[in-house]
Structures are given as C-alpha cells and as structure tokens.
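Use the sequences and the hints to build the structure in full.
Its first residue numbered 25, the sequence shown is counted upward by one per residue in our numbering.
Just so you know, the hints here were simulated from the structure itself, not pulled from any lab data.
Any given hint could be a false lead.
Unchecked claim - With a straight-line Cα cutoff of 25 Å, these simulated SDA-like cross-link-like pairs (lysine to any residue) come out:
1) 380 / 393
2) 380 / 283
3) 380 / 319
4) 380 / 259
5) 380 / 318
6) 380 / 306
7) 380 / 351
8) 380 / 317
9) 380 / 279
10) 380 / 349
11) 380 / 276
12) 380 / 407
13) 380 / 366
14) 380 / 428
15) 380 / 352
16) 380 / 294
17) 380 / 280
18) 380 / 277
19) 380 / 337
20) 380 / 358
21) 380 / 341
22) 380 / 365
23) 380 / 427
24) 380 / 368
25) 380 / 237
26) 380 / 332
27) 380 / 391
28) 380 / 361
29) 380 / 284
30) 380 / 392
31) 380 / 354
As the list claims (entries may be wrong) - Pair by pair, the computed Cβ-Cβ distance ranges are:
32) 27 / 435: 42 to 50 Å
33) 75 / 168: 54 to 62 Å
34) 136 / 80: 25 to 33 Å
C-beta atoms are modelled at their ideal positions from N, C-alpha and C, and glycine is treated no differently.
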Amino acid sequence: MTRLRFAYDIACPFAYLAFRQLHRVRAHAEVELMPVLLGGLLRHVGAPDDPNTAMAPARAAINRRDITLWGALHGVPLRIPPEHPRRTVDAMRVLAAAPVPHREALTAALYAAYWEDGVDVTDREVLAARAAPFGLDAHALIEAGREPLRSATQAAFEAGAFGVPSFLDGPRLLWGQDRIGLLLRDLGDPLPPEGWVGPAVTTSTSTTVTSLRFFHDVSSPFSYLASTQVERIAAAYGHAVLWTPILLGALFRTIGTPDVPLHAMNETRQAYTRRDMHDWAQAWGVPLRFPSHFPLRSVLPLRAMLVEPASTAAIYRAAWGEDRRVDTPEALCAVLTEVGLDGAAIVEQASDPGIKAALRENTERAVASGVCGVPTVEVTWNDGGRVLLWGQDRLVMLRAVLQGWVPPGRDGL
Numbered sequence: 025m026t027r028l029r030f031a032y033d034i035a036c037p038f039a040y041l042a043f044r045q046l047h048r049v050r051a052h053a054e055v056e057l058m059p060v061l062l063g064g065l066l067r068h069v070g071a072p073d074d075p076n077t078a079m080a081p082a083r084a085a086i087n088r089r090d091i092t093l094w095g096a097l098h099g100v101p102l103r104i105p106p107e108h109p110r111r112t113v114d115a116m117r118v119l120a121a122a123p124v125p126h127r128e129a130l131t132a133a134l135y136a137a138y139w140e141d142g143v144d145v146t147d148r149e150v151l152a153a154r155a156a157p158f159g160l161d162a163h164a165l166i167e168a169g170r171e172p173l174r175s176a177t178q179a180a181f182e183a184g185a186f187g188v189p190s191f192l193d194g195p196r197l198l199w200g201q202d203r204i205g206l207l208l209r210d211l212g213d214p215l216p217p218e219g220w221v222g223p224a225v226t227t228s229t230s231t232t233v234t235s236l237r238f239f240h241d242v243s244s245p246f247s248y249l250a251s252t253q254v255e256r257i258a259a260a261y262g263h264a265v266l267w268t269p270i271l272l273g274a275l276f277r278t279i280g281t282p283d284v285p286l287h288a289m290n291e292t293r294q295a296y297t298r299r300d301m302h303d304w305a306q307a308w309g310v311p312l313r314f315p316s317h318f319p320l321r322s323v324l325p326l327r328a329m330l331v332e333p334a335s336t337a338a339i340y341r342a343a344w345g346e347d348r349r350v351d352t353p354e355a356l357c358a359v360l361t362e363v364g365l366d367g368a369a370i371v372e373q374a375s376d377p378g379i380k381a382a383l384r385e386n387t388e389r390a391v392a393s394g395v396c397g398v399p400t401v402e403v404t405w406n407d408g409g410r411v412l413l414w415g416q417d418r419l420v421m422l423r424a425v426l427q428g429w430v431p432p433g434r435d436g437l
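Below, the structure written as structure tokens:
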C-alpha cells in the first residue's frame, strides 16, 4: 500500500479540512502525520509569513469566504479567530515531539481549539490543558520538539512542499485540501476530478437557483479548464450558463493584483501551478499546451466571443489546446473559419463600438460583484441570495449548489 506523509500546521484552516478528510485517503494509502511550521516553509520559498497580507482586498475576502464554504461543504464547523493567523510554533513543537500513538488525537484537539473553540493556542497553559488528557506534558514537549519540528519542516521543503496541507511521497506532490480528489484518483478511487459533495450537505426546497453567470477570460489557463466542464455540470441539473467574457487585466489593475499572477509567484509555487494545470487537464481528459506566446492578449478574442458566443469553445481550444495565436485578426479569422463560422465577419464586427462597450461593462460588472479572478461562477437564487465560486477547483461547490445545497453567508439577503 502507498505510504504518504501529510504535512500540516494547525494555523491553516485548509490543512484542518484536509485532516478531517484523511479517512478517505486511508482507504487507499497509509498516512503519516508530519507536523511542520508553515511560516518556515513560506520563508524557504521567499513568501510572506501571512500570504493574506500580499492579497488584494477582493481576493482576501474571497479567500476568507472559501474557508466557510469548504467547511460547510464537508460538515466541519469553522470559526475564524479575529487574531488569525495566530503563532503556532509552540503548538507544532508539541505535535512534533508527541508520541506517534497520541499524535493524531492531539492534533484533532489542537485543531478544535484553534478553529472551533476559539481558544488561544499561543498560550502555553492552553496547550498544557489540551495535552493533559493524553498524559502528556506540553511544556516538556515544547522543548523536546524544537529540533524535530525544524527537521520535519526542512524535509517537507526538500520534498517540494511550499505550503500546507501537502501530501508527500505519492505519485505526485499535491498541495491543498481541494486536491484530495486528484490524490484519490491517483490512488485508484474513480471520483469525478472536481471531487465529491460532502456527506453533511443539506439541501433546500424553498430556494432555487435562478442564474449561473460564468466570468472568464481566454488569457487564463484555469478559465480554459473550467470552460470545458461548466456546461456539463450545469446541464446535468437543467441549467444554462451565462457566459460573460471580461478583461482580466483590467480587473486586476482595478483591484490591485499583478497583471500576470503566475509571474508574481515564487519559483516553487510557479512550477507547481504550471504542473497543476496539466494535472487538471489530464484528469478531465482535455488537451493542454501552454501557449508559447503567453501572456495572451485577449481583447480581440473576447470581443469575438461577444459577437458570436458559439466561437468561445473554438477560441479556447486553439489558444490552450493547440498553442495557436488568437490575438491577431488573421489568426483568429482562420480559427473561426475552420469550425464553420464566418471568421471575417466576426473579426470585423469585433471592432464595433457596441461590442467594445459590452466588454467594458462585463468587466465593470465583475468588479462590482467582487470578482477577484477567473474563472468565477456567480450563482443567484430566487430569494436574492448570491455567492461567487472562484476557480476551476470550485466546480464541486457548483455541483453541490445545483443539487440543492444553500451555502452559508450568501450576499443579498
């Protein structure tokens, strides 16, 4: 049986969500708990100790909402402490030095303290109280855990980890609780790549989804990946998709995000992200050839999508599946003509003032709605509720919504 190391820090809510799902992984592999110091990993790769400080406010807001949504989806009660992120070095030293037979239960106790009970785990007396039921002396473990925690953090970094949760030693390193679906597929579980709907999801008969708006830009590889799946998921539940092309660069400049986020990442994170997009393409069975002329200039193809929505799939496939240019009139005309569309007419109409205005209006709508990137699905309900689901790795949430899940904290109520 495959043996995995699970690198985690109790300061990370997503690592807690992954910890609560380890029973799924253990059906296919042995899992060794590997306490590490998240701040140490981040410093190894040149990232800030608190990544939230480097995020645009719109993205930070979506990130915090994600914590609540993922928790609700998987039935894990999460309360974000006002002081989050709290310093967990002492807590992680306790876990690093704890005897292996007690480590899992103590990990659960410390996660509950941080994320459910609102207890300050920076207080050594709190750690002592949580360790005492296991017959453990937290004060002694703090001292004994210094070197084991340092060594484990270094070992995780050398194995390729740059954050938590990370699954090490499997067919490939996977980072994030939202990649457990990919991990389980690697281990032989025939899940849909987007993952599973948590067993704690409750559905509602009093609210119904009224619209699914898909904000996208052909310049984004993850927008391409989601574009190959969103219609399938929506159609399975009898819903149509409102395709809404936007200028991602203009949105980024408005909310204060780098024009090309991939280029702003540290080298380790950038390399993982490039591989991650290929992982998703492989799982969904769609072609992906990273464009040799990246970053893409998307103004013209986006306008063409507004002129003729039926051109959308062909443009995405040419840009991201075939590494063809779509940003010049000649290249775009050839792509559209090959699929039976009037390429010349579409390209000509793309310069119409009304089309240009429509693209600007779509982008302004995205900004006003709180969109921080693409792909984003804006779900609205008949009672005025609204939620944004950002990322191709949130399509499992879309599927849950279409099955009747009403996520907490919706806007507009």
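>> Need the list of violated hint numbers for this structure, in ascending order.
In response: Failing hints, ascending: 4, 6, 12, 14, 16, 23 and 33.
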